[in-house]
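A.B. asks: From these two lone chains plus the hints, build me the complex, please.
Note that the protein sequences, when read in sequence, are chains A and B. Just so we're aligned, residue 1 is where the first sequence starts under the UniProt record's numbering, counting upward by one. Just so we're aligned, residue 1 is where the second sequence starts under the UniProt record's numbering, counting upward by one.
Read the hints as simulated data drawn from the structure, not as lab findings. Incorrect hints may appear among the rest.
[Stated by the list, open to error] Calculated cross-link-like contacts (lysine-lysine; reagent style DSS-like; alpha-carbon spacing at most 30 Å): (1) A:Lys-69 with B:Lys-98; (2) A:Lys-58 with A:Lys-42; (3) B:Lys-49 with A:Lys-85; (4) A:Lys-42 with B:Lys-77; (5) A:Lys-31 with B:Lys-128; (6) B:Lys-61 with A:Lys-31; (7) B:Lys-128 with A:Lys-79; (8) B:Lys-61 with A:Lys-79; (9) A:Lys-31 with B:Lys-55; (10) B:Lys-55 with A:Lys-79; (11) A:Lys-85 with B:Lys-128; (12) A:Lys-85 with B:Lys-127.
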Amino acid sequence: MVDKAQVISLCRSLLRAGRQYPDYNIREYAKRRTLDGFRMNKNLTDHSKVEEAYAEGKKQLEVVERVVKVYLAYPPKTKNIMELKLQ
Amino acid sequence: SKLPYNPPPRIYHATLKRVLRKASSFQSISFGRFQSSKRIRLQISCAAKPETVQKVSDIVKEQLALSADTALTAESKFSALGADSLDTVEIVMALEEKFDISVEETEAQNITTIQEAADLIEDLVQKKPTAQAS
Chain A
1 MVDKAQVISL CRSLLRAGRQ YPDYNIREYA KRRTLDGFRM NKNLTDHSKV
51 EEAYAEGKKQ LEVVERVVKV YLAYPPKTKN IMELKLQ
Chain B
1 SKLPYNPPPR IYHATLKRVL RKASSFQSIS FGRFQSSKRI RLQISCAAKP
51 ETVQKVSDIV KEQLALSADT ALTAESKFSA LGADSLDTVE IVMALEEKFD
101 ISVEETEAQN ITTIQEAADL IEDLVQKKPT AQAS
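Same shape as in the complex, but just chain B (with noise of 0.2 Å):
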């Protein structure tokens, strides 16, 4: 009986195992001419990288003037480290600054803790490559 399209080779079943094997340690997925089928649904979230989260942590701990060996988790809310609302705009800025990113003001009320921002960062610097492709 005749498709309505003409069915993808074999060969993109095994790209996708390929790109699900490496989806532990991805960065940015493209599939360029796979037709996307119903029995392949792919979601794939990750939590910001170490790197991220520790750059977070020392632009929050110069900000808010903390020692140098105050332990930081990624679950540290800032209003727990003594930072005001003020406190929290300068960070964002300085965090846009050192990421060259521009987050906006929806977004930026909602950061309270280091990872939110790691999180946030690292949604704003993966969709920057991409318009600046296009």
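Isolated chain A (complex conformation) (with noise of 0.2 Å):
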């Protein structure tokens, strides 16, 4: 049986690990997606499907948790012009 707070957490999870990219793009997305994953999910009732839905965010965990090593290891060179702040 998962629970609202175990939801939140992994939500939480997932948002942490995926801001440690490196990279702008894949850091940004990372947040979009996990949000929009969450947010599409929010009103689901039916118990199955709840637990369908936290056991793929559990995978994705472990997948981006993974790929930030592989990222971290070859960082960009460059700031990606969407970092810069504007003068």
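C.D. replies: As structure tokens, this is what we get:
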């Protein structure tokens, strides 16, 4: 039985993991995708569907944590233009 | 009669008076080698600074897409402003990034108003420099 607190905790873990990406594009994508994914399934009532979505989220969390390590091994050499502060 | 310790010189009392006078506008207090005596019990707790509350309000307005002239009080609940739990998670993440702090899971679950967020932020920001100094 997956309760609300667990879901929120998973969302937070995914957001935190996605924040570690050195590359601007995938960092923003990770944040966007987790929030969209959780919002999309926000109103699920069927428990089996909720468990399914939660399991999917857990899987994605593993993926993010693994891929972050690869990205950190090859950090970008220059800052993305979107990250530069407006003069 | 011999005392088991060297009694602190009078200068410590003067220092304490100065510290207490500044207490209303304090940010951190360090007592140095002050030997705590049972008579002096110091308890200082202050609510978050207005600037912090303002910064939190700005971030909340941005995250919840409220108009710039929406009146937000420190006691405004996020849920009353139309935020669901996911919005609250986003707000806490944005606050973490803005103030460069890390909020624990249990602490994050207890944030429901702007004041609570500001108080927690100040608490965490205060704890940071001491960790770096040691």
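A.B. asks: Tell me the numbers of any earlier hints that the structure contravenes, in ascending order.
C.D. replies: none
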